[in-house]
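**Q** Spelled out, the chains give:
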Amino acid sequence: MRNETHTDKQEFNITVYTENHIGLLTRVAIIFSRRKINVESLNTSPSEIEGIHRFNIVITETAEVVRKIAGQIEKQVGVLKVYFNTNQDVIWQEMALYKVPTDVIAERAVVERLLRENGARAVVIRKDYTVFETTGQREETDNLIKVLEPYGLIEFVRSARIAIIKDSEGFHRKLQEFEQSEPGDEVVENEYLSSREKVFTM
Amino acid sequence: MLTKEKQAPASPREAKTISGAEALILALLEEKVDTVFGYPGGAIMPVYDALYDYTAKLNHVLVRHEQGGIHAGQGYARSSGKVGVVFATSGPGATNLVTGLADAQIDSTPLVCITGQVFAHLLGTDAFQETDILNITTPVTKWNYQVTDASEIPDVLAKAFYIARSGRPGPVLIDITKNAQLQQFEFTGYQPCRHIRSYKPKPTVRHEYIVEAAELINQARKPFILWGQGVMLGTAEQEFKAFVEKSGIPAAWTILGAGALPTDHPQNVGMLGMHGNYGPNVLTNECDVLIAIGMRFDDRVTGRLDKYAKQAKVIHLDIDPTEIGKNVPVTVPVWGDCKETLPLLTQLVEAKEHQEWLQQFRKYNDQEVEAVIQEELFPTSEEMTMGEVMQQLNELTDGNAIVVSDVGQHQMVACRYARLNHTRSNITSGGLGTMGFALPAAIGAKFGTPDRTVVAVIGDGGFQMTLQEMGTIMQSGIDVKILILNNRFLGMVRQWQELFHERRYSFVDITSPDFVKVASGYGISGKSINRREELRMALQEMLSHKGSFLLEVMVTKENNVFPMVPQGCSVSEIRLK
Chain Z
0 MRNETHTDKQ EFNITVYTEN HIGLLTRVAI IFSRRKINVE SLNTSPSEIE
50 GIHRFNIVIT ETAEVVRKIA GQIEKQVGVL KVYFNTNQDV IWQEMALYKV
100 PTDVIAERAV VERLLRENGA RAVVIRKDYT VFETTGQREE TDNLIKVLEP
150 YGLIEFVRSA RIAIIKDSEG FHRKLQEFEQ SEPGDEVVEN EYLSSREKVF
200 TM
Chain V
0 MLTKEKQAPA SPREAKTISG AEALILALLE EKVDTVFGYP GGAIMPVYDA
50 LYDYTAKLNH VLVRHEQGGI HAGQGYARSS GKVGVVFATS GPGATNLVTG
100 LADAQIDSTP LVCITGQVFA HLLGTDAFQE TDILNITTPV TKWNYQVTDA
150 SEIPDVLAKA FYIARSGRPG PVLIDITKNA QLQQFEFTGY QPCRHIRSYK
200 PKPTVRHEYI VEAAELINQA RKPFILWGQG VMLGTAEQEF KAFVEKSGIP
250 AAWTILGAGA LPTDHPQNVG MLGMHGNYGP NVLTNECDVL IAIGMRFDDR
300 VTGRLDKYAK QAKVIHLDID PTEIGKNVPV TVPVWGDCKE TLPLLTQLVE
350 AKEHQEWLQQ FRKYNDQEVE AVIQEELFPT SEEMTMGEVM QQLNELTDGN
400 AIVVSDVGQH QMVACRYARL NHTRSNITSG GLGTMGFALP AAIGAKFGTP
450 DRTVVAVIGD GGFQMTLQEM GTIMQSGIDV KILILNNRFL GMVRQWQELF
500 HERRYSFVDI TSPDFVKVAS GYGISGKSIN RREELRMALQ EMLSHKGSFL
550 LEVMVTKENN VFPMVPQGCS VSEIRLK
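So the sequence lines, in the order shown, correspond to chains Z and V.
Using numbering that gives the first Met the number 0, you'd call the opening residue of the first sequence number 0 and step up by one each time.
Using numbering that gives the first Met the number 0, you'd call the opening residue of the second sequence number 0 and step up by one each time.
Everything labelled a hint here was simulated from the structure, so no lab data went into it.
Do not rely on the hints blindly, as some may be mistaken.
With a straight-line cut-off of 27 Å between C-alpha atoms, the simulated DSS-like cross-links for lysine-lysine are [stated by the list, open to error]: (1) Z:Lys80 - V:Lys201; (2) V:Lys338 - Z:Lys80; (3) V:Lys199 - Z:Lys74; (4) V:Lys338 - V:Lys31; (5) Z:Lys67 - V:Lys338; (6) Z:Lys80 - V:Lys325; (7) V:Lys312 - Z:Lys67; (8) V:Lys325 - Z:Lys35; (9) V:Lys325 - Z:Lys173; (10) V:Lys56 - Z:Lys80; (11) V:Lys81 - Z:Lys74; (12) V:Lys338 - V:Lys325; (13) V:Lys516 - V:Lys556; (14) V:Lys240 - V:Lys221; (15) V:Lys338 - V:Lys201; (16) Z:Lys74 - V:Lys338; (17) V:Lys362 - V:Lys240; (18) V:Lys556 - Z:Lys8; (19) Z:Lys67 - V:Lys306; (20) Z:Lys35 - Z:Lys8; (21) V:Lys199 - Z:Lys67; (22) V:Lys240 - V:Lys351; (23) V:Lys201 - Z:Lys67; (24) Z:Lys35 - V:Lys306; (25) Z:Lys74 - V:Lys325; (26) V:Lys81 - V:Lys221; (27) V:Lys516 - V:Lys576; (28) V:Lys309 - Z:Lys173; (29) V:Lys325 - Z:Lys67; (30) Z:Lys8 - V:Lys306; (31) V:Lys309 - Z:Lys67; (32) Z:Lys8 - V:Lys309; (33) V:Lys56 - V:Lys15; (34) Z:Lys173 - V:Lys199; (35) V:Lys221 - Z:Lys74; (36) V:Lys245 - V:Lys362.
Using the sequences and the hints, build the whole thing.
**A** Here is the structure:
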């Protein structure tokens, strides 16, 4: 809010905890598209808490813009909490798959060594091709492309980024707060409070 | 969680088997809805069929176009403070709501719109009158949801009303497939919603910020209050007045804030923004502490942001934390409902009178009166001005009417000059600037507040966008005064073309039908005048006429609305001519 002079763009990891509701992805996505911000990576998956989904979104923006966007996302009905962190504040990984011709691998043992050096492992070995998998940060997965390209890399795919916030107690306590936040006098009349999941799981 | 026995939930009523459509009607009745604006069609017919048995309890107003329906819902909500309810069918019925939804979203108007949808098994097949209304309306609703099973209806409706009216209000759209409307299910009663874990209507009030804000205010030599519609949305008019009066600070309003403090209150120094008053705009760039209450620093208020109130420390009170610091950097963010935060602040501020500082506003006001207002309200020109019409209207209504204005030059004139003694008396399309808003919104306002005089002030352009709603007036037999200020131009566009496009009047010369004859076709009495001598009598006739009345006043063609902050200029560069 105050003394904010973060005008330099950098990668931010936005973590969004949501209800598992149809249409929320659109609501979140249009917050970026409306401001003409390109989403570099987007992962959505169930979180450690049943019924709660977790989005990991990567964008390159200034801290000020990211703060405003995070507020806009958190404001949506169905969104429980939004965090945003720089790369230094998170532990992040991406997974990559590489398909290479098996005969080249078989003939040239050096490749196998390179794979070991890059922390990759074989997922599938077939007569015509082999699929390797590696997990790491962007430059690590990029490195293996460079290594494999001369040996006839057929196909490559990389997953969206997933990130865990270093300085975080997880979301359990926060969720309890949301569920038990002072409901006020009137709320006790609402018989559905005790079976909220049943009522509002949509 | 139950702390008191008397608050224990009532035992569930005996289940009865009813249709989804009937459950919807029962939900509306439980939410104390008395009026629905709508238009039937194929995909919402089961709801209309269910409504047929409840017409004694629930008044349905048949509009002539769904856009008219949703603007009526907005007018109803804005005048009464209740949630406006709108019915429309699928496909074109639903898409015709989009403008009104966008308008309600940006102006924070509580609405619950119910749209019919094709059978669930047809979804996604390009069925007859199918549109993906959920995805179409996602950017312009506070929340939307599609019901495909009747048993969801009671809880979804409860949630819809809760979301629409709580926190920063807004429009909600519930799309119900036809099978869900027809489906019979075990209805066990309706329970209003008062808590959703993933929705926080109000932020927690941070007392340290209240203390900081009060300290800043107490030290300020030239503090200045800007207020918006949030004061009314929070029903905090009394709390606001108490704060203004104890602190002695001059206060100016945004277009949607008009009326929260009576026009003639000594500390009400006028309107902000592009066509606002001279003093509040100039002095925004001289104040030392700016206190923004329930307003969102729209670009029409701030002008050039990089030159806006740079010298001032800014305190911003808002229920929506994302508005704080969105456009203008804030020194002290006061999160919360202003009904809660204002009394806390009032308690801590010292009682003061900023007479010398107020005097500066009055000095600028005198300049504005001399350069603009005097000639607008009491013209010496032969042709009538929009300002003098408003002036005469003020005198005849004694500032007690609800003024519903459309969009354009007349809107700025109406909002600048309307005398408002009561809250919720200025209804206009602020953020979206929707031409065609006023006539249907006035119809809604009359249904929302039947005891008050409702005057729709409309330009000749805007009136032609939704004039078919005179049919709604005819059929409902309600009393709406329609005041058309006809300058035979799309006046605001023409003004910009004159000032910024070298008078190249590109397609702003609009021809109109004989409005009085058109009204007559709808059974509405009317009159058209073009001489000053007729004005007062004609206004008197309109106001005292039993039932609706259309008065067309031919006003001067090429009049400009001044003062004006030209686009791209600082508010202190406001021009008097």
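**Q** If a hint holds in the structure, say so; if it does not, say that too.
**A** Okay, the hints, checked on the actual structure:
Proximity of lysine 80 of chain Z to lysine 201 of chain V is assessed by CA-CA distance (about 15 Å); at most 27 Å being required, the pair is judged to hold. The straight-line distance between the Cα atoms of lysine 338 of chain V and lysine 80 of chain Z is roughly 26 Å, inside the 27 Å bound, and the hint therefore holds. About 8 Å separates the Cα atoms of lysine 199 of chain V and lysine 74 of chain Z, which keeps this hinted pair within 27 Å; it holds. Our distance criterion of 27 Å between C-alpha atoms is met by lysine 338 of chain V and lysine 31 of chain V, whose separation comes to about 24 Å.
For the given pair, lysine 67 of chain Z sits about 25 Å from lysine 338 of chain V by alpha-carbon distance, which is consistent with the 27 Å threshold. For the given pair, lysine 80 of chain Z sits about 19 Å from lysine 325 of chain V by alpha-carbon distance, which is consistent with the 27 Å threshold. In summary, the hint linking lysine 312 of chain V to lysine 67 of chain Z is supported, as the alpha carbons are separated by about 21 Å, within the 27 Å threshold. Restraint check for lysine 325 of chain V and lysine 35 of chain Z: satisfied, since their Cα atoms lie roughly 17 Å apart, inside the 27 Å limit.
In summary, the hint linking lysine 325 of chain V to lysine 173 of chain Z is supported, as the alpha carbons are separated by about 26 Å, within the 27 Å threshold. A C-alpha spacing of about 42 Å is found between lysine 56 of chain V and lysine 80 of chain Z, which places the hinted pair above 27 Å, so the restraint is violated. Distance restraint check for lysine 81 of chain V and lysine 74 of chain Z: the Cα-Cα separation of roughly 23 Å lies within the 27 Å cut-off, and the hinted pair is therefore satisfied. Taking the CA atoms of lysine 338 of chain V and lysine 325 of chain V, the gap is near 22 Å; set against the 27 Å cutoff, the hint holds.
For the hint linking lysine 516 of chain V to lysine 556 of chain V, the alpha-carbon distance of about 22 Å falls within 27 Å, and the restraint holds. For the hint linking lysine 240 of chain V to lysine 221 of chain V, the alpha-carbon distance of about 19 Å falls within 27 Å, and the restraint holds. Between lysine 338 of chain V and lysine 201 of chain V, the direct Cα distance comes to roughly 11 Å. Compliance with the 27 Å bound is thereby established for this hinted pair. Between lysine 74 of chain Z and lysine 338 of chain V the CA atoms are separated by roughly 21 Å; this keeps the pair inside 27 Å, and the hint holds.
This hinted pair checks out: lysine 362 of chain V and lysine 240 of chain V have alpha carbons roughly 23 Å apart, not beyond 27 Å. Our distance criterion of 27 Å between C-alpha atoms is broken by lysine 556 of chain V and lysine 8 of chain Z, whose separation comes to about 51 Å. Straight-line distance between C-alpha atoms of lysine 67 of chain Z and lysine 306 of chain V comes to about 21 Å, which keeps the hinted pair within the 27 Å bound. Only pairs whose Cα atoms come within 27 Å are accepted, and lysine 35 of chain Z paired with lysine 8 of chain Z is accepted, the gap being roughly 15 Å.
Restraint check for lysine 199 of chain V and lysine 67 of chain Z: satisfied, since their Cα atoms lie roughly 17 Å apart, inside the 27 Å limit. Under the criterion of a C-alpha separation no larger than 27 Å, the hint pairing lysine 240 of chain V with lysine 351 of chain V is consistent with the structure, at around 14 Å. Using a Cα cut-off of 27 Å, the hinted pair lysine 201 of chain V and lysine 67 of chain Z holds, with the two alpha carbons roughly 18 Å apart. Proposed proximity of lysine 35 of chain Z and lysine 306 of chain V is supported: the alpha carbons are some 25 Å apart, at most 27 Å.
For the given pair, lysine 74 of chain Z sits about 14 Å from lysine 325 of chain V by alpha-carbon distance, which is consistent with the 27 Å threshold. Note on lysine 81 of chain V and lysine 221 of chain V: the hinted pairing is violated, with a Cα-Cα distance of about 38 Å set against a maximum of 27 Å. A distance of roughly 37 Å separates the Cα atoms of lysine 516 of chain V and lysine 576 of chain V; the hinted pair therefore is violated under the 27 Å criterion. About 38 Å separates the Cα atoms of lysine 309 of chain V and lysine 173 of chain Z, which puts this hinted pair outside 27 Å; it is violated.
Of the supplied pair hints, the one linking lysine 325 of chain V and lysine 67 of chain Z holds, its CA atoms being roughly 7 Å apart against a limit of 27 Å. Using a Cα cut-off of 27 Å, the hinted pair lysine 8 of chain Z and lysine 306 of chain V holds, with the two alpha carbons roughly 24 Å apart. This hinted pair checks out: lysine 309 of chain V and lysine 67 of chain Z have alpha carbons roughly 21 Å apart, not beyond 27 Å. For the proposed pair lysine 8 of chain Z and lysine 309 of chain V, the alpha carbon gap of about 25 Å is at most 27 Å, so the pair holds.
With a C-alpha separation of about 20 Å, the suggested pairing of lysine 56 of chain V with lysine 15 of chain V holds against the 27 Å cut-off. In summary, the hint linking lysine 173 of chain Z to lysine 199 of chain V is supported, as the alpha carbons are separated by about 13 Å, within the 27 Å threshold. Taking the CA atoms of lysine 221 of chain V and lysine 74 of chain Z, the gap is near 34 Å; set against the 27 Å cutoff, the hint is violated. Our distance criterion of 27 Å between C-alpha atoms is met by lysine 245 of chain V and lysine 362 of chain V, whose separation comes to about 23 Å.
Of the numbered hints given earlier, the model fails hints 10, 18, 26, 27, 28 and 35; all others are met.
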